[in-house]
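Required output: the full structure, derived from the provided sequences and hints.
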Amino acid sequence: MSEKCSNCYGQGFNILETGPCPKCSGVVGTGKPKSINLMDLSDKNLDSFVSGVCDTCGGTGIYEKKEKCEECRGKGEIYHCTRCGKQIPYLNDNGEEICNACLSSGCVHKLDNSCDYNDLASGKLYIGCVDGVVENLGAFVKLNDGIKGLLHEKNFDSACSSLTKGDEIIIQIKNINRSGRDVKLDLVPKRPAKYELVEVEKEFPLTSVGNMTAKDNGKTVKFAGEVLQVKQTGGPTIFTISDDTGSVPCAGFSTAGQRSYPDIDAGMAVSAVGEVNIRDGAIQIELMSLKPLPADETAALIQKIEAAIDERAKASDIPFLVESDVLEKLKPAMLQAAKEIRKAILRSRPIILRHHADADGITSAIAIERAILPLIRETGGPDAEHRAYRRSPSKAPFYELMDVVKDVSYAVEDEIRFGQPMPLIVMVDNGSTDEDVPAYKHTQVYGMDVVVIDHHHPHESADEYLIAHVNPYHVGGDFGLTAGMLCTEVARMIRPEVSDEIVHLAAVAGVGDRSESPECAQYIEMVSDKYTLEHLKKMALSLDYEQYWLKFGSGVGIVDDILDLRDHDTHLRLIDMLTDQAAGMIKDQLEVCLPNVKMTELKSGAILNTIDVEKFAHKFTFPPPGKTSGEIHDIMCNQKYPDKPVITLGLGPDFAVIRSKKVLMNIPQIVRELREELIGSGVNGGGHLVVGSIKFVEGAADVVIPRLIEKLAEADVE
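Per UniProt numbering, the sequence shown starts with residue 1, numbered consecutively.
Read the hints as simulated data drawn from the structure, not as lab findings. A virtual CB, placed ideally from N, CA and C, is assigned to each residue, including glycine. One thing to keep in mind: the hints can contain errors.
Listed next, the in silico DSSO-like pairs over lysine-lysine satisfying Cα-Cα at most 27 Å (straight line) [what the hints assert, rightly or not]:
1) Lys222 <-> Lys202
2) Lys339 <-> Lys329
3) Lys219 <-> Lys142
4) Lys165 <-> Lys194
5) Lys644 <-> Lys537
6) Lys110 <-> Lys86
7) Lys86 <-> Lys148
8) Lys343 <-> Lys329
9) Lys4 <-> Lys68
10) Lys148 <-> Lys110
11) Lys329 <-> Lys314
12) Lys339 <-> Lys441
13) Lys124 <-> Lys222
14) Lys662 <-> Lys598
15) Lys86 <-> Lys190
16) Lys110 <-> Lys219
17) Lys202 <-> Lys174
18) Lys395 <-> Lys441
19) Lys4 <-> Lys65
20) Lys86 <-> Lys194
21) Lys291 <-> Lys124
22) Lys291 <-> Lys165
23) Lys711 <-> Lys640
24) Lys194 <-> Lys154
25) Lys551 <-> Lys619
26) Lys441 <-> Lys695
27) Lys219 <-> Lys202
28) Lys231 <-> Lys339
29) Lys644 <-> Lys587
The calculated label-pair distances, taken between Cβ atoms and stated as ranges, are [said to hold, decoys possible]:
30) Asp567 <-> Phe616: 40 to 48 Å
31) Pro374 <-> Asp310: 15 to 23 Å
32) Phe13 <-> Glu275: 41 to 49 Å
33) Glu3 <-> Lys194: 23 to 31 Å
34) Val556 <-> Asp182: 50 to 58 Å
This is the structure in structure tokens:
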């Protein structure tokens, strides 16, 4: 088999230089020499002299200096060895299309799994593996996973008597017998003293993942890509392979539950050959061959894939639902966060969505969840959401060590068992403060990137560990633009089609967090034709109430029902029942708390209300201390002191919950100052500037609480 020489383009020569013909001075057409000695005329140049055509340039007037092509030795064609397939520049001395290596030594072929019986030839040598030995019959030899032949006992040589299953053996195909679809191979053993092992792979045109469709069902395809994930099931090994057009699951099978292609791991660039199959309406490749690409091809392929994924991951730059200068200034950070989330999905990277366990945090997470789950299914298949996504609430408004240790533990286990890459952590309604840094140091060790969408007062120490950070304080905003509002807009950037489904979540978040921002008013107005303000409050309270009993559970399905994302009748019945129960428990709590609230007027003019929620509140039930303090604070602000600045402290043996109105304070800063001043008190905590909590060791309460009250008294009022 020959092909045109690429060095000389099939001409057999290369042109070194061109110029005017030195004989006719480049006069095109006439081509006669300017002068000639008649005694020097020969038969050849006589004809050209008489005819008027220059014998050097043929009348073109252009002289070309040519050199025979060394690549093809002037033949204009390149040949391929019929035995090993290697490229050779010319036929050998016997006129055969065989390379010198195959002439001087035996050529033994090792068949790739992509080869079938049509790729065999009688007389050639092949290396195979003994698949079984049958007494009085012979040995069955596999040349690859799909080709098997019989080495009959009559053809055994002296060494064949000791053959056992799994032995490698070199055989020659003596005959190929075909009867319809049945093919039988007649094999004989060969023991060449010297041979060259040549790998044979069936040639298929290279295709791309994006071009595969259901119409290709049953078709054999070849493509190159990067292995994103290796998952071992009870049956085949599933390799998720991506090229610059998309990704596809590929099933490799050797033995049930046993790792197929053990030399192939996530992150490698490979060449794959397999049959297109449709599984649950999606394309899956049944692998015939999977091989690592050479280093030079790997670098180019990975660069191409990265560029394509980076382009496909770009978020939708769409208008916001409301008018807001803060949102407009935040848009670059929001687009970056959306892009990082989309990129993780396109690379089949698991996502852990962490959120604060209150109405704002839950709506934040659900908005993102509703945007990403369809994309996860599209990329990884129908079951991808169960293995590539997890949503987990956090009690504290920061990433606690208990939470990050769980996340790291699960991620490492999934990496070991299923070959999954380390996940992307998406933190919503928490993650911006220096209290988060110890947890981020855990994620950094294991290569778990973190995206934060939050409205708590940020600390610059956290930014070192984040690949994207959305926070209104970065652009002059404040906590009034809640995480639920931010996440609703980011979710729309991730997948614009989700807009109508989640628009009311921003309003629920604002109501639940008691936001007084102009953006909150716009979100509430936007959904007023469907949900009254009272209805939004019911949803927010139901979320807080149900999450209290769920503890660390995500409440899949129940949370969707509360937020009217499934059956509307179920939603109405559920929130009515939950708000009735929650309101009753709040009423019971306030009945025992309010008589025990102590009021003090500070020198700033602010009213300080304190309640010992350890002694004068029901414990281990709803509402918890933070919610109880908030309910007391609302009564003090709205009923007792509507025109005054108010601070409410809910005190416990080792904590203090702070709520305030019309008081200019910085709770994260107060926490840092107390920690520095009161060494040994174990002070930590944080939250928003004017709403938060502080923890300390129980024995230091007599020192920490008075000093905390002193700092609150020093705060200016509006």
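Pro374 paired with Asp310, Cβ distance criterion 15 to 23 Å:
holds, 21 Å
Given the hint that Lys291 pairs with Lys124, test it: the Cα-Cα distance must not exceed 27 Å.
Answer holds: Lys291 to Lys124 is near 24 Å, not above 27 Å.
Hinted pair, alpha-carbon criterion (27 Å max): Lys662, Lys598. Please report holds or violated.
holds, 19 Å
Starting from Lys110, check that the Cα of Lys219 is at most 27 Å away, please.
Roughly 24 Å separates the two Cα atoms, so the pair holds.
Cβ distance range 41 to 49 Å for Phe13 and Glu275, holds or violated:
holds, 46 Å
Does the alpha-carbon distance linking Lys219 and Lys202 stay inside the 27 Å limit?
Judged against 27 Å, a Cα distance of about 14 Å means the pair holds.
Below or equal to 27 Å on CA atoms is what counts here, so check Lys644 against Lys587.
holds, 25 Å
With the threshold set at 27 Å, check whether the alpha-carbon distance from Lys222 to Lys202 stays at or below it.
Holds, because 10 Å separates the two Cα atoms, which is no more than 27 Å.
Below or equal to 27 Å on CA atoms is what counts here, so check Lys644 against Lys537.
Given that 27 Å is the threshold and the Cα spacing comes to 25 Å, the pair holds.
Given a hinted range of 50 to 58 Å, is it respected by the beta-carbon distance of Val556 and Asp182?
holds, 53 Å
Within a Cα-Cα threshold of 27 Å, do Lys219 and Lys142 meet the stated pairing?
Given that 27 Å is the threshold and the Cα spacing comes to 24 Å, the pair holds.
Given the hint that Lys110 pairs with Lys86, test it: the Cα-Cα distance must not exceed 27 Å.
With Cα atoms ~14 Å apart, Lys110 and Lys86 stay inside 27 Å; holds.
The structure fails none of the hints (numbered hints given earlier).
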